[in-house]
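Colleague: Top line first, the protein sequences correspond to chains A and B. Residue 250 in our numbering sits at position 250 of the first sequence; the count goes up by one each step and never skips. Residue 29 in our numbering sits at position 29 of the second sequence; the count goes up by one each step and never skips.
No lab work stands behind these hints: they were computed from the structure. Worth double-checking, as some hints may not be accurate.
[Said to hold, decoys possible] Selected chain A positions facing chain B (in silico; Cβ < 8 Å): (1) G90; (2) A100; (3) S102; (4) W251; (5) L257.
Please read these numbers as outputs of a predicted model, since none were measured by experiment. All residues carry an ideal CB built from backbone N, CA and C; glycine is no exception.
Number of protein chains: 2
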Amino acid sequence: MHPIEQAAVVRYTRADGLAEALRGADALFVYDFLSTAVPGAWHGADRLRWLHIASAGVDPVMFPELRESDVVLTNSRGVFDGSIAEYVLGTILAFAKDFARSLRLQQERTWQHRETERIAGRTALVVGTGPIGRAIARLLRAAGLRVSGAGRTARSDDPDFGTVHESARLNEHLGDVDFVVAVAPLTEQTKGLFDASAFAAMKPGARFVNVGRGELVVTGDLVEALRSGHLGGAALDVFETEPLPADSPLWTMDNVLVSPHMSGDVVGWRNALVEVFTDNFWRWREGRPLRNVVDKDLGYVPSTG
Amino acid sequence: MHPIEQAAVVRYTRADGLAEALRGADALFVYDFLSTAVPGAWHGADRLRWLHIASAGVDPVMFPELRESDVVLTNSRGVFDGSIAEYVLGTILAFAKDFARSLRLQQERTWQHRETERIAGRTALVVGTGPIGRAIARLLRAAGLRVSGAGRTARSDDPDFGTVHESARLNEHLGDVDFVVAVAPLTEQTKGLFDASAFAAMKPGARFVNVGRGELVVTGDLVEALRSGHLGGAALDVFETEPLPADSPLWTMDNVLVSPHMSGDVVGWRNALVEVFTDNFWRWREGRPLRNVVDKDLGYVPSTG
Numbered sequence: 001m002h003p004i005e006q007a008a009v010v011r012y013t014r015a016d017g018l019a020e021a022l023r024g025a026d027a028l029f030v031y032d033f034l035s036t037a038v039p040g041a042w043h044g045a046d047r048l049r050w051l052h053i054a055s056a057g058v059d060p061v062m063f064p065e066l067r068e069s070d071v072v073l074t075n076s077r078g079v080f081d082g083s084i085a086e087y088v089l090g091t092i093l094a095f096a097k098d099f100a101r102s103l104r105l106q107q108e109r110t111w112q113h114r115e116t117e118r119i120a121g122r123t124a125l126v127v128g129t130g131p132i133g134r135a136i137a138r139l140l141r142a143a144g145l146r147v148s149g150a151g152r153t154a155r156s157d158d159p160d161f162g163t164v165h166e167s168a169r170l171n172e173h174l175g176d177v178d179f180v181v182a183v184a185p186l187t188e189q190t191k192g193l194f195d196a197s198a199f200a201a202m203k204p205g206a207r208f209v210n211v212g213r214g215e216l217v218v219t220g221d222l223v224e225a226l227r228s229g230h231l232g233g234a235a236l237d238v239f240e241t242e243p244l245p246a247d248s249p250l251w252t253m254d255n256v257l258v259s260p261h262m263s264g265d266v267v268g269w270r271n272a273l274v275e276v277f278t279d280n281f282w283r284w285r286e287g288r289p290l291r292n293v294v295d296k297d298l299g300y301v302p303s304t305g
Numbered sequence: 001m002h003p004i005e006q007a008a009v010v011r012y013t014r015a016d017g018l019a020e021a022l023r024g025a026d027a028l029f030v031y032d033f034l035s036t037a038v039p040g041a042w043h044g045a046d047r048l049r050w051l052h053i054a055s056a057g058v059d060p061v062m063f064p065e066l067r068e069s070d071v072v073l074t075n076s077r078g079v080f081d082g083s084i085a086e087y088v089l090g091t092i093l094a095f096a097k098d099f100a101r102s103l104r105l106q107q108e109r110t111w112q113h114r115e116t117e118r119i120a121g122r123t124a125l126v127v128g129t130g131p132i133g134r135a136i137a138r139l140l141r142a143a144g145l146r147v148s149g150a151g152r153t154a155r156s157d158d159p160d161f162g163t164v165h166e167s168a169r170l171n172e173h174l175g176d177v178d179f180v181v182a183v184a185p186l187t188e189q190t191k192g193l194f195d196a197s198a199f200a201a202m203k204p205g206a207r208f209v210n211v212g213r214g215e216l217v218v219t220g221d222l223v224e225a226l227r228s229g230h231l232g233g234a235a236l237d238v239f240e241t242e243p244l245p246a247d248s249p250l251w252t253m254d255n256v257l258v259s260p261h262m263s264g265d266v267v268g269w270r271n272a273l274v275e276v277f278t279d280n281f282w283r284w285r286e287g288r289p290l291r292n293v294v295d296k297d298l299g300y301v302p303s304t305g
């Protein structure tokens, strides 16, 4: 028996039993972080005070009734930072070293020498300056890339990014860099941020990496920018519709790397998510301040300091 | 006309004209660094004083007549360091993040979530402590791995490796690490260094990366260690026979990444190689000390300091 089960009545439920299970509950732990069941079951939340979600992005639970309620929302900030940063560096190296083509040539038993690219000295713009974006910036910089960021407010002395551009003027800065990494939270402001105008503003041959949310991107515009050859490639771990539908053109494009929303999910990730909840549970139980409290107007946990 | 062509009579030749072209020549630039033509044409070298090779490894020209002669041998040390280091980090990330499987699943349009691995905190042993090995050590360390080295002499205070083990006692240390990177020069001492006993000494699931020379490895033993499942994978850029023969089992093994001896060859590499030769040409012409003089007993350029 988990210590939490000794300290509280714990109900486990799937989506179809959620409304019933919510009745009388003080706290809700949304473990299936992509579940869309919470809004439809909200009528059962007759005394809920706290909702914790096993993800960094809180967009699946940002429905109006929760936003307007007094329910405190916390997320799993921190669990995915290092893993996703490594994943992004891996995709940048995969593009630079042409690994996908090496694997296709290997399948054909074809020995074909090519010239590849350095990553040292290349430039990357990380769109999203939360903890995951910062971990990405630090790792890419350690590997020799020149990094800048894009976030809510422009600044020039950020410890991880150096220069941070204002996301609202993103397109003015997209043409400066070789790699664009999307890791912004999904909010009303960032939805569809990467559209035809953004892709057109990117440098010819630039690569686009999305480890944020699929809805940051207008998928049709991305497909067109890849098809035209303007973009050099895309590494996509998240999609507007997940799982990615079998008829999506993204599956079969040579310059696209598709992965199934797993960039942060290293061995042990589920335990790590439970530990974040457990830590907050004891804080809540003992009346101490919760960690990772989401600003429901912003749609993410604001940076401290 | 290249400035060198104004300062000297330059003869360009393929393998079949080499003996004739060597007659009367003072210097030889071996641009096709994998060519085996030099020993057979050596009888034409009637006044040769300097041989420069467009590679880091000098094994293709380490034949007895050259070793015993007074001909000075120089190599292209430095050109490949950063490129190969990036390539090695890329293969380590490809293993940790399971990129090869993602690409195969993409070809089948299959969405299949898996748990992947962190690289931070994992361990790597770099076998070979020349400039390329050092660049690998620095980059892997910057990316969060814990790195040690193996070289001619053991030491514990190396600036890049920290601890360097003695290559002659390599097998005692292979069991400690997650990734083994082979980048040693090919000499009588290192030929076949990675044999059945070495692979047996590695940790179950360890990955092996070879960016040195194929002859460092007993290929049949490597294939067996991969087939048995003892090794977790291998990334191979060099092979005992190049191009890798179409009937090699390495082409079709799921846990093997084959690339065609190109890990150091980034855009501009050929110009960089010519520049190294050109710099040494003017030094030679002006009687200044040459750079990258190979110790023909050791088979590589000894470290300075």
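Colleague: So, against the hints stated earlier in the document, which numbers end up violated here?
Modeller: Violated hints: none at all, because every hint is consistent with the structure.
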